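Trainee: Sequence:
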Amino acid sequence: MNAENAREGVKVALRPIVGEDGVTRKEMVANVVRELMEGGGKESRNRIRGMMKEAAKAMEHEGPSYKSLANIAN
1 MNAENAREGV KVALRPIVGE DGVTRKEMVA NVVRELMEGG GKESRNRIRG
51 MMKEAAKAME HEGPSYKSLA NIAN
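So the sequence shown is numbered by our numbering: it starts at 1 and just counts up by one.
Since the hints were made in silico from the structure, they are not lab data.
Fair warning: there could be bad hints in the mix.
To be verified - In silico DSBU-like links for lysine-lysine, alpha-carbon gap of 35 Å or less:
1. K57 <-> K67
2. K53 <-> K42
3. K67 <-> K26
4. K57 <-> K42
5. K67 <-> K53
6. K42 <-> K26
To be verified - Quick list of simulated restraints, FRET-style, between CB atoms:
7. E27 <-> L69: 43 to 49 Å
8. E43 <-> Y66: 28 to 34 Å
9. E43 <-> P64: 25 to 31 Å
Nothing here was measured: the structure is a model prediction, and the numbers come from that model.
Here a beta-carbon is modelled for each residue, glycine too, at the ideal position from N, C-alpha and C.
Kindly generate the complete structure, drawing on both the sequences and the hints.
Mentor: Here it is as structure tokens:
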């Protein structure tokens, strides 16, 4: 998963603002970290937890990923 997909598609990342010179200043990074630790980060963490649970289910015995791999192996 690339950064743009993580931010726009899955909504589990934030992007710091890049200055006109193409450099991200430490203040911008600090703002993004603060946002992740406080407000918007809660939503991202909840989405990631949900994705982790779904991935674990998929890999369980008789889960969809398990079945797909079993079909390939047989």
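Trainee: If a hint holds in the structure, say so; if it does not, say that too.
Mentor: Cross-check of the supplied hints:
1. K57 <-> K67: Within the cut-off at roughly 12 Å; holds.
2. K53 <-> K42: holds (17 Å)
3. K67 <-> K26: Violated - the C-alpha atoms of K26 and K67 are around 47 Å apart, more than 35 Å.
4. K57 <-> K42: With Cα atoms ~23 Å apart, K57 and K42 stay inside 35 Å; holds.
5. K67 <-> K53: holds (18 Å)
6. K42 <-> K26: Judged against 35 Å, a Cα distance of about 22 Å means the pair holds.
7. E27 <-> L69: 43 to 49 Å: holds (47 Å)
8. E43 <-> Y66: 28 to 34 Å: holds (30 Å)
9. E43 <-> P64: 25 to 31 Å: holds (26 Å)
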